[in-house]
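Asks: Next come the chains, spelled out residue by residue.
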Amino acid sequence: MLKMTHLSKVYRTEVVETYALRDFNIDVKEGEFVAVTGPSGSGKTTFLTIAGLLETFTGGEYHLDGIEVSQLNDNARSKIRNEKIGFIFQAFNLIPDLNVFDNVEVPLRYRGMKAPERKERIMGALDRVGLASRAKHYPAELSGGQQQRVAIARALAGSPRLLLADEPTGNLDTQMARGVLELLEEIHREGATIVMVTHDPELAARAQRNVHIIDGQVVDLAEDPRFHTAYTAAAGQIRS
Amino acid sequence: MMQIRPILAALRHHKAGTLLIALQIALTLAIVCNALFIIHQRLTHLSQPTGIDEDSLLIVQNQWAGRPAPAEVPSLLAADLDTLRKIPGVTNAYPSNTFPLSNGGIAYGIGHSPDKLKFTSDTAIYFTDENTLPTLGLKLVAGRNFRADEIGEAAGLDKIAPAVIIITHELADRLFPDGSAVGKMAYISNQPSIIIGVVERLQTPYVDSAMAQWSACSTLVPFRHLVDSTAYVVRVQPGQMADVASHVRAALYAANRMRVISAKDGVQTFAQVRATAYASDRGMAILMGAISVVLLAITAAGIVGLTSFWVGQRRKQIGVRRALGATQHDILSYFLTENLLIGFAGVVIGGVLALGLNLWLMNQFEVERLEPGYVIAGVIALLLLGQGAVLAPALRASHVPPVEATRSV
Numbered sequence: 001m002l003k004m005t006h007l008s009k010v011y012r013t014e015v016v017e018t019y020a021l022r023d024f025n026i027d028v029k030e031g032e033f034v035a036v037t038g039p040s041g042s043g044k045t046t047f048l049t050i051a052g053l054l055e056t057f058t059g060g061e062y063h064l065d066g067i068e069v070s071q072l073n074d075n076a077r078s079k080i081r082n083e084k085i086g087f088i089f090q091a092f093n094l095i096p097d098l099n100v101f102d103n104v105e106v107p108l109r110y111r112g113m114k115a116p117e118r119k120e121r122i123m124g125a126l127d128r129v130g131l132a133s134r135a136k137h138y139p140a141e142l143s144g145g146q147q148q149r150v151a152i153a154r155a156l157a158g159s160p161r162l163l164l165a166d167e168p169t170g171n172l173d174t175q176m177a178r179g180v181l182e183l184l185e186e187i188h189r190e191g192a193t194i195v196m197v198t199h200d201p202e203l204a205a206r207a208q209r210n211v212h213i214i215d216g217q218v219v220d221l222a223e224d225p226r227f228h229t230a231y232t233a234a235a236g237q238i239r240s
Numbered sequence: 001m002m003q004i005r006p007i008l009a010a011l012r013h014h015k016a017g018t019l020l021i022a023l024q025i026a027l028t029l030a031i032v033c034n035a036l037f038i039i040h041q042r043l044t045h046l047s048q049p050t051g052i053d054e055d056s057l058l059i060v061q062n063q064w065a066g067r068p069a070p071a072e073v074p075s076l077l078a079a080d081l082d083t084l085r086k087i088p089g090v091t092n093a094y095p096s097n098t099f100p101l102s103n104g105g106i107a108y109g110i111g112h113s114p115d116k117l118k119f120t121s122d123t124a125i126y127f128t129d130e131n132t133l134p135t136l137g138l139k140l141v142a143g144r145n146f147r148a149d150e151i152g153e154a155a156g157l158d159k160i161a162p163a164v165i166i167i168t169h170e171l172a173d174r175l176f177p178d179g180s181a182v183g184k185m186a187y188i189s190n191q192p193s194i195i196i197g198v199v200e201r202l203q204t205p206y207v208d209s210a211m212a213q214w215s216a217c218s219t220l221v222p223f224r225h226l227v228d229s230t231a232y233v234v235r236v237q238p239g240q241m242a243d244v245a246s247h248v249r250a251a252l253y254a255a256n257r258m259r260v261i262s263a264k265d266g267v268q269t270f271a272q273v274r275a276t277a278y279a280s281d282r283g284m285a286i287l288m289g290a291i292s293v294v295l296l297a298i299t300a301a302g303i304v305g306l307t308s309f310w311v312g313q314r315r316k317q318i319g320v321r322r323a324l325g326a327t328q329h330d331i332l333s334y335f336l337t338e339n340l341l342i343g344f345a346g347v348v349i350g351g352v353l354a355l356g357l358n359l360w361l362m363n364q365f366e367v368e369r370l371e372p373g374y375v376i377a378g379v380i381a382l383l384l385l386g387q388g389a390v391l392a393p394a395l396r397a398s399h400v401p402p403v404e405a406t407r408s409v
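Here the protein sequences come in this chain order: P and E.
Every letter in the first sequence is one number past the one before it in this note's numbering, and letter 94, counting from 1, is 94.
Every letter in the second sequence is one number past the one before it in this note's numbering, and letter 9, counting from 1, is 9.
Quick caveat, the hints were computed from the structure, so don't treat them as lab data.
No residue lacks a Cβ here, since even glycine has one placed at the ideal position from N, Cα and C.
Some hints could be false.
[Claimed, not checked] Derived, one-sided and incomplete: chain P residues facing chain E with beta-carbon distance under 7 Å:
hint : residue
1    : Asn75
2    : Ala76
3    : Ser78
Only chain P is shown next, with the shape it has when bound in the complex (with noise of 0.2 Å):
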């Protein structure tokens, strides 16, 4: 589904040069539930853009659902992003001049789907996340998990083959934080591939599989001798 290999990512000023992302190598497989933790600056949310479509890469290849993008156009970005790619952002990202049916109906609109058929997805994913009876309200009338829920319908309105999810329960309270999650959890056994970024080891521990990022590439911690003991320690943690 998301195959990254020998990835780089270099943001280039007059002076210097920055890795965000050096010989990065990820595949996510269809189906899967992967988190991606790593600690501030590591690249995690670089990662998520790319793969996401929202940046560039400067050298490397990535396959999404089989497409090489790296040659694509702004145009075909736009549309792979819209058909084939769901976003949960940390800050929602609701439009706050738009009510709940409106803010789920923007992807649908860039599609150019007919209106009988984006009132059915828009209304089928309401309900999905408990929100129908909201429709009409706008995000300024809700909490701050009901607007995750309703850019997790927006998400998913559009029957996206992948999740991206950056840090989706951390503008949350506990309480709401848990509720997305069993949302996503629910979605993931529906069989979407959801790949989420996360520095809460809780919340990557509830994924299927953890990749961690550091200084821009993916580690193993378990067999990575420098974090092992770290490792060992924060498992204990959670199993616990």
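Start from chain P and add chain E according to the hints.
Replies: For chain E alone, kept in the frame of chain P given last:
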């Protein structure tokens, strides 16, 4: 176009800015439509042909000193005409009470009856002689010119009762719509005058729009006007105008010093006469044009300013839309459509305001009814202006990268 409903929904959250721009568009449309209409009227007015050979004509306005008696004037006029005709480059000349575009002269009613209340048309009266037609370059379309023996003398305004007259084609049509006017009688006094000739066109001296309805209704009477001020209309050979204009004053003074020829406007080419006559029309057209340009520029600047502000304000939102699949074209189209919707609201209000303003102008001033074409043209121009003004900020918006969605504000 598929974005109209959500754009309208979003605009409801930006009422103040939306209303401000819509009203600005409305007021601009209302004022610019009427201004352009007035400009068109003025330009039409000032581009009316006089019917005379303007490029070849020089006007000399002479005032006799010492108030000569009427009996002395014919010899003074004859001497001056002799002097004028001897100036190299002068081909002809005649004295008159007035000339086209002078804004002064005599106007009578002309009709089929001596009853002054039953006249058919107003008409300007030109005192002329047998040299008038060739001097002015008037085209005789029917009948004949005056003969030298038909030229009389008139010392006062109320004694004019010409036996023969020449009229313009426009006036002939009004007097005798069913046939030729030549040989027929018309009244400008209590005595009938026989129309002996019809000239194609000769504009009246008056440029005021109130007299525009009979601006081509002139009557030539065969008289020398025996008063102390005379306008000499002088025909000059091509290429000699500057030389003649610079010598004519000195030549007349050399012949007789008992006169005043104003240094300021005593000698004028007809081009100068035209420029003076229509100065207020031209000034009004320029003023209206300047107001229109300033208003359009302010409106365009307002649209650019507001859209730029909105683009800055919605940068994150644009990034989110891009992340959700909007192409650059979708974003461009969003802002163009948004502007078009505001523009539509503005031009609808503006169209009504334009007609209202025109009604007010019609009541208060001598303005004609606004032609619908001006409103339609104004609507199209304002909508195009809006689209042009919004293009740069909209293009900037379309270049907001999708990764903006992941950045914190």
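Asks: With a cut-off of 7 Å, does the beta carbon of P:Ser78 approach a beta carbon of chain E closely enough for the hint to hold?
Replies: holds (4 Å)
Asks: When the nearest CB of chain E is found for P:Asn75, is that gap smaller than 7 Å?
Replies: Result: holds, 5 Å to nearest chain E Cβ.
Asks: When the nearest CB of chain E is found for P:Ala76, is that gap smaller than 7 Å?
Replies: Interface hint status for P:Ala76: violated (10 Å vs cutoff 7 Å).
Hint check: a violation occurs at hint 2 only; the rest are consistent with the structure.
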